[in-house]
Amino acid sequence: MRSRHRKISRGKILAAAAAVLAAGTAAIALPQANAAGGAAGDAASQAAARAITGTAWAVDERTGETVVTADSTVQGAKWDSLVAATRGKAVRVERTPGVLSLFAEGGDAIFAGGARCSLGFNVTTASGPAILTAGHCTAAGRQWSTTQGGRPVATVKQSTFPGNGDFALLTYNNPATNAPSAVDTGGGRTVAIARAAAAQVGQQVSRMGSTTGLHSGRVTALNATVNYPEGRVTGLIQTTVCAEPGDSGGSLFAGDSAIGITSGGSGNCRAGGVTFFQPVTTALAAVGARIGG
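For reference, each letter of the sequence shown is one residue, going -35 to -1, 1 to 258 in mature numbering (1 follows the signal peptide of the UniProt record, and there is no 0).
Because the hints were derived from the structure by calculation, they are not lab data.
Where a beta carbon is used, it is the ideal one built from N, C-alpha and C, also for glycine.
Mixed in with the good hints, there may be bad ones.
What the hints assert, rightly or not - Computed Cβ-Cβ distance ranges for the label pairs, DEER-style: (1) Gly78 / Thr155: 33 to 41 Å; (2) Gln40 / Gln169: 29 to 37 Å; (3) Arg116 / Gly53: 54 to 62 Å.
Work out the full structure, taking the sequences as your base and the hints as a guide.
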């Protein structure tokens, strides 16, 4: 994420079966409307709810419920619309403090246009070494350096955000750059990264970012959708790991496996919160890169 991190609050579950299907996840069985007119109105209200900024939704694999998280900006008519759209459904609405936003700034800081994000993972492409980071970070500029105002060392080659993910590939300007497959966890310590792996619900994971450093938590949901002010992003990993602005783009890992790239969330590392990550496996496939040499 860039120096502005996408925060998300624990809020509301705005999914209906159609919404879940649109996102490519398993459909939730919802009660049938009593009349055709009621069904049409219900679908319209659900569509409106899915568009509410400041909400995120995911399926709770344990209960089969759709969980909608709503941040502090979902008030008044927005809240009423969300409640009406989810009433009587297999949906659980939750509140989260703060505002869902992007975390811009896996580990080491990278800079562009006055913004700071975190390097996610060094990867290898057909043309040489590259950086995998958050797509929303690239709005700050195409040339990135490892020091504020420093000489550019990498250039944006491909970026996705919003929409079907939040990831970007930055190619090193010097193809001979030594780009180790490791996460800098601070204090002169590193964790070697040997592979990419898909997240699992309940899995213990660690996150490294240039603002808050190393923190750990648990994966709570997969294929989450978040309605950031900048747009909707689908297919994310939801966790309990804290993060703050500037942690965007940083590394989510478990052991020697790359799991995710920090996108956004809500809260902070004092009070906690909810966070979302781009799956590394999906990003690697999209940009044609791999972990390791």
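Each hint, compared with the structure:
1. Remark: the range hint 33 to 41 Å for Gly78 to Thr155 is contradicted by a beta-carbon distance near 28 Å.
2. The hinted range of 29 to 37 Å is satisfied by Gln40 and Gln169, whose Cβ atoms lie roughly 35 Å apart.
3. Remark: the range hint 54 to 62 Å for Arg116 to Gly53 is upheld by a beta-carbon distance near 59 Å.
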